[in-house]
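Student: Generate coordinates for the entire structure from the input sequences, incorporating the hints supplied.
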Amino acid sequence: MKTFVAAGLLPFAAMVAFAVPAHAAPSADTGGNAVATINQLKASGADVRINRIGSGPLDECEVTNVNSFSRPAQIIPIDDDDINVFTTFPKPKVTVTLNCTR
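Offset between the sequence shown (1-based) and my numbering: plus 1150.
Hints in this document: simulated from the structure, not taken from any laboratory. Just so it is clear, the structure is predicted and the values come from calculations on it, not from any experiment. Misleading hints may appear alongside valid ones.
Stated by the list, open to error - Label-pair ranges, simulated between beta-carbon atoms: (1) P1207 <-> P1240: 25 to 33 Å; (2) N1217 <-> A1193: 13 to 21 Å; (3) E1210 <-> F1239: 30 to 38 Å.
Idealized CB from N, CA, C, for every residue including glycine.
Tutor: Here it is as structure tokens:
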């Protein structure tokens, strides 16, 4: 049963993991705004990590790059020897590089 559940959910988890970074890139309407990009990534469920160049305030930083780790998401079954088995999905990890030198 566990194999069946894992095999059925694996394609969905991979689709979600690869869809998050595609929508996270800064667009023309945000103008590379760091705060908006980071909030958008967090709202989509990503674990956001920030690389920052310079010491300017975050609201004045410009997004220079958005990277996601290419490792596919793994399904983690939680079985505590009871009837219910819960499956958790790790958050996709995304690194945002900011230029705060202005």
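Student: Hint by hint, note whether the structure agrees.
Tutor: A quick look at each hint next to the structure:
1. A beta carbon spacing of about 31 Å between P1207 and P1240 agrees with the range 25 to 33 Å that was offered as a hint.
2. Hint check: N1217 to A1193, Cβ distance near 18 Å, so the stated range 13 to 21 Å holds.
3. For the pair E1210 and F1239, the beta carbons lie near 35 Å from each other, so the given range of 30 to 38 Å is met.
Going down the numbered hints, you'll see the structure goes against none, and every one checks out.
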